[in-house]
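J.: Each chain, letter by letter, is given below.
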Amino acid sequence: MIRKAVKMLNRQRLSLIATVLLASLLITLLSGCWDNRELDSLFIVTGIALDKAPDSDLITVTLQIGKTESKTGASSESGSQEDKNAIILKASGRTPLHGIKRLNFNSSRSLFYEHNQAVLFSSELAREGLKEYLDFFLRDYESRMEVPVFVTDGPTDRILAVDLEQEQSAGMYLARVIQDLSKLSPYYKVRMLDFLSRTREETVSALIPMVAAYDEEDLQKLQICGMAIFKDGKMLDSLNNYETLGYILAMGDVKLIGIEAQSEKGHVIFNTINLDTKRDVKLRQDGGVQVKLSVEGALGIGELKGFNGMDFPKVIPELTKMAEERIKEQIAETFEKAKSLEADIYAIGSEIHRKHPKKWEQMKSSWGSVFSNIDLTVDVKVEIPETGKSMISLEMEGASHEDR
Amino acid sequence: MRIDKGQISSRLLLFSVACFLQSSALLTAFLTEITRQDSWIVVLLGAIVYLPFLWLLGTLMAMFPEQNLIQILDEVYGPVLGKILGLAYLWFFLTLSSVNLTDLADFTKGTIMFRTPAPAMSAVCILVSAIAVRKGIKLVTKFSPLFVIVAIVTMTLSTFLVINQFKLENFLPIFTLPAKSYFQGTHIIATIPFGEMVVYLMIHPNVKFSRREIRKSLFWGFAVGGLTLWSTTLRDIGVLGNTVDLFTVPSLITFRLVQVGPSISRTEILFAIILIMLLFYKITLLYYVAVLTISQLFKIRSYNHLVLVVGSLMITYGLTLYPSPQKQAASVQETVPVIWTVFEILIPTLTFILAKIRKLPKAKEA
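Protein chains in written order, with the numbering used here: chain A, 1 to 404; chain B, 405 to 770.
Fair warning: there could be bad hints in the mix.
[As the list claims (entries may be wrong)] Here's a subset of chain A near chain B, in silico, CB distances under 8 Å, partners left out:
hint : residue
1    : L39
2    : L193
3    : R200
4    : E202
In short, the hints are calculated from the structure, not lab data. All C-beta atoms, glycine included, are put in the ideal place defined by N, C-alpha and C.
Build out the structure end to end from the sequences listed, making use of the hints.
T.: If you want it as structure tokens, here you go:
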């Protein structure tokens, strides 16, 4: 009996030892060695840019690599160059991936795209069409759909190579700028997913923020200079910052932007407190479309200049009128530009498709001309509940002690 | 002859069914490719179509409380035809296990461990599952409540985190696709996630239940699993819009889009965890069912020595099933629902009718 118990105990102990040994073996052998990726063997991509290659049918792929240490394994001879804060790798290829594969020949580290901050397309390439270059971003497992996209005004490599004071790399800078702008209005930020989504809708024109590099007192800077208008994946034209604001106001959900207005009496800059736009799309009997935009919101006074001699109660109605006229004018101007390009940047066609799918089938083929004849009505109603710390300005009546 | 003497409660059966269905909620690409923004409607239609068969499943369990599917087939169709059908079910269970094992390996390879060979991941999964299978139904189903709760919490959390990207207009227009797409989608949903519940006909003798309880557990498990599938589909369409049909794993892209401030982002690892966890559960259950079916067919009293052999068979069979994920997707959309209908709907219905006509099961003589 005792012998049997000892035998049992031994068997249990043996079984335990075998389990521990097997577990140790498995942990050692199956610990993901196939996929080990150490930080010192990676090039962390912070920006990807595509441009047309000079004098050929190829495209240039430029990658911006965030520096993890001072010395890197990149060759500086064949197509790569080091700048102050980031490394720039460049290669030509028939497609983005073809170019990237070529880069592997002059880089000692593997490229890691999970932390990419921005994708840039040059306006020259964008005008020829981007559809054929999007497949890599859609297919690659490391490529992220939430990454913001940009069109560059000028060569893309110049934008990525800009040595900025504010951020370590241009990719990170652009991502942060667009993140800040998206707090003002969500329509400023265009992610890869948004671009893909709009490109898939045949009649809708996608918009992508444009970025330009410039020099200011020996410093290199980047700025958002409007939005590129796309139709069927090809860049048609662009909106400047003023026109972009007209688009933003028409789309609504505006959080905090500045609206500038001027009249004979004075100049004012409003800060939006909230501003939303309701859109009513109606199909006319004659086959046309009528769009009514109802803008409602609250503004605060950011800055006043002029309005000499006027007292505050009279200024408020004047300012309200100025703001309403300005918003109306700005929306209408951008709308007219979109109409002239037959570019449905407002996705009105999608709305008709969603609400009247049968009628849309009849309109779809001639949507460009229908859109260019849209009858637009803009109705603006704003209030000015905030005046800042002061109710009056120094030029207004009652500001001087002598007036009192 | 009951091979596994372990017993589970009807509540554990509820969680087991829920967990089994939830695992399919994360891989919805086979559906969104066909029915796009209307996939949520198709999920509802599929659930409604499957409800009578769920009742049938519960009724068969209540009619034969002490016999599993292989024994029921033997009794209803006789020893020869019963065995032939039993062998066909063995193929079905093995195929189902291998397909899910391949899915798990392919997903892990495609998203987390790009260079690790898929068989290595399948082998690790089978080794862990084998421990549970050897211990029997109690251990196989033990952690299902935990898995269900973790999955629900994670999915709810993820839905809240992407609520700012959710657009109602992404669901429009509705009912504009060809009628064939709705029929195909409904068929897929009714057979692939829901119909697979037929595997529970192998387990119910190990559940302590009354006639009423079994239907209740099945229904509530089905409700929890079905709701998860429905809400996942809704969330993915609402967030991804017209791009939902572009991606092989739409839920993974949805999780990747989470961005609440600079700190809460890149939550796809949560998706990977729940997907691996739920698929692991489903594979373990199917593995157990496959081993039990072999033991039952060949009247083996203890199946412990079969476990690793069947596991190895599952890995190798999985490797030969489809040459590529694209072929698998095409098969899931076109061929699989038709074959699965035979095992999940036709044979159980015929069995029920024959059992009623022959007044089975016959009362045992005292």
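J.: So which hints don't hold here, by number, going up?
T.: Violated hints (numbers, rising): 1, 4; every other hint is consistent with the structure.
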